[in-house]
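Sequences are here, hints too, so could you generate the full structure?
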Amino acid sequence: MADEIDAILLEEAMFNLEQLTKSCQVTREWVIEHVQGGLLHNDDFIHVDPESWIFDSRTFMRVKRIIAIERDFECNAELASLVADMIEEIEHLRTRLKTAGLHQD
Amino acid sequence: MEFKDYYKALGVSRDATADEIKKAFRRLARKYHPDVSKEADAEQKMKEVNEAYTVLSDTEKRAAYDQLGQGGGFQAGGDFRPPPGWDTGFEFSGRGFNGAQTGDFSDFFAELFGKHMGSARQTQHRMRGEDHHAKILLDLEDSYHGATRGLTLRMPKLDSQGHTVLTEHTLNVRIPKGVYTGQVIRLAGQGGPGHAGEAAGDLFLEVRFKPHNRYRIENKDIYAALPVTPWEAALGATVKAPLPDGIVEVRVPENSQSGRKLRLKGRGIPAQTPGDLYLVLEVVLPSAATEKARELYQTMARELAFNPRQHLGV
Numbered sequence: 001m002a003d004e005i006d007a008i009l010l011e012e013a014m015f016n017l018e019q020l021t022k023s024c025q026v027t028r029e030w031v032i033e034h035v036q037g038g039l040l041h042n043d044d045f046i047h048v049d050p051e052s053w054i055f056d057s058r059t060f061m062r063v064k065r066i067i068a069i070e071r072d073f074e075c076n077a078e079l080a081s082l083v084a085d086m087i088e089e090i091e092h093l094r095t096r097l098k099t100a101g102l103h104q105d
Numbered sequence: 001m002e003f004k005d006y007y008k009a010l011g012v013s014r015d016a017t018a019d020e021i022k023k024a025f026r027r028l029a030r031k032y033h034p035d036v037s038k039e040a041d042a043e044q045k046m047k048e049v050n051e052a053y054t055v056l057s058d059t060e061k062r063a064a065y066d067q068l069g070q071g072g073g074f075q076a077g078g079d080f081r082p083p084p085g086w087d088t089g090f091e092f093s094g095r096g097f098n099g100a101q102t103g104d105f106s107d108f109f110a111e112l113f114g115k116h117m118g119s120a121r122q123t124q125h126r127m128r129g130e131d132h133h134a135k136i137l138l139d140l141e142d143s144y145h146g147a148t149r150g151l152t153l154r155m156p157k158l159d160s161q162g163h164t165v166l167t168e169h170t171l172n173v174r175i176p177k178g179v180y181t182g183q184v185i186r187l188a189g190q191g192g193p194g195h196a197g198e199a200a201g202d203l204f205l206e207v208r209f210k211p212h213n214r215y216r217i218e219n220k221d222i223y224a225a226l227p228v229t230p231w232e233a234a235l236g237a238t239v240k241a242p243l244p245d246g247i248v249e250v251r252v253p254e255n256s257q258s259g260r261k262l263r264l265k266g267r268g269i270p271a272q273t274p275g276d277l278y279l280v281l282e283v284v285l286p287s288a289a290t291e292k293a294r295e296l297y298q299t300m301a302r303e304l305a306f307n308p309r310q311h312l313g314v
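Order-wise, the sequence lines are chains R and W.
Counting in the numbering used here, the first sequence runs from 1 upward without gaps.
Counting in the numbering used here, the second sequence runs from 1 upward without gaps.
If you're looking for bench data, these hints aren't it; they were derived computationally from the structure.
Note that the coordinates shown come from a computational prediction; the quantities given were computed from them, not determined experimentally.
Possibly wrong hints are sitting among the right ones.
Below, computed lysine-lysine pairings styled on DSS-like, alpha-carbon distance capped at 30 Å [unchecked claim]:
| # | chain 1 | residue 1 | chain 2 | residue 2 |
| --- | --- | --- | --- | --- |
| 1 | W | Lys-265 | W | Lys-292 |
| 2 | W | Lys-261 | R | Lys-98 |
| 3 | W | Lys-261 | R | Lys-22 |
| 4 | W | Lys-22 | R | Lys-64 |
| 5 | R | Lys-64 | W | Lys-38 |
| 6 | R | Lys-64 | W | Lys-240 |
| 7 | R | Lys-22 | R | Lys-64 |
| 8 | R | Lys-98 | W | Lys-47 |
| 9 | R | Lys-98 | W | Lys-38 |
| 10 | W | Lys-23 | R | Lys-98 |
| 11 | W | Lys-265 | R | Lys-64 |
| 12 | R | Lys-64 | W | Lys-47 |
| 13 | W | Lys-31 | R | Lys-98 |
| 14 | W | Lys-31 | W | Lys-210 |
| 15 | R | Lys-64 | W | Lys-220 |
| 16 | W | Lys-261 | R | Lys-64 |
| 17 | R | Lys-64 | W | Lys-23 |
| 18 | W | Lys-22 | R | Lys-98 |
| 19 | W | Lys-45 | R | Lys-98 |
| 20 | R | Lys-22 | W | Lys-177 |
| 21 | W | Lys-265 | W | Lys-220 |
| 22 | W | Lys-23 | W | Lys-47 |
| 23 | R | Lys-98 | W | Lys-265 |
| 24 | W | Lys-210 | R | Lys-98 |
Pasting the structure below:
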């Protein structure tokens, strides 16, 4: 008999800085540098105390994506962020194409 | 257990230099990048490539693996067991797992390097377990009604000899209503085990919808085609439309054309702020197969001054 467990939906706000670093296995400095460089698209955080930052699902996915690109290709943060921008744009366009019935999975 | 040929996985020779291995890894990481790749099994391939690179990019792991391979592993094919004490004399300092997660690795990897997984951490520190990350594919209907889904996880566990083995663990997960693509759901305590009595990590699942033959999904909004007759479109009508949460009656405004969108506010994904549902009208013509139908079309042709190509200047 398998266990039954409740899934918790992370709607809008989900993670503070400490939880994000722990879950994605990055340092505080990594996150702070990426936020201050505008690479996580959280520009409204730049002049705010990092302790009060709250990250949503979208940023969480973006952080994971950028970490993987930086690691796999040993590239700098700006390039990884540019690749992530393009991947996200492709995802958005594919969704639009599907909505228009022009894209098959 | 199958002996994994990591050199084959990366497409390099057994005497490849560290630089050649790195280049091969990057080429394949690009080819099988799960967000971009058009290969059907890109995600699985990427896991294999990651595993091969984790071993071959680490001098100690590679040396131990080579010794095992030359001792018969490379020829073993289907059924392979490492001889006892095969790793004597090697120290795996464990430069980590190249960021990938233990659950992503094969039984072969777990058997060989498993007992060294995170060993540096396990010895001294009290530490909460790692969070794990995965994806879950849901049907659109699951988001409307909530659902219970079986999920099989591979968790590293210590056996009686202190080796780490990957064991399969099945969970029934109650999915809350209102989830949509790109969101993340958390299963508390289902990540990696904690060390020295600390709590286990969490499992995070990125939600994706399976393609649906009737509905197209854009964030929280849903699009569906609604076929209507020419007279319903021209004169206006109230028609029935099936939605993911039941049948509704909608009013088609008069003078509608194919492509017109009717918005049903709040009938999209039932999230905290619900999405909208759009019905896209599709005017369907009755065939002119009967005498009566031909007569009616001929009457329209005669009596309606209608040129749909007027704006094209012809």
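Numbered hints the structure breaks, given as an ascending list: Structure breaks hints 1, 3, 6, 10, 11, 16, 18.
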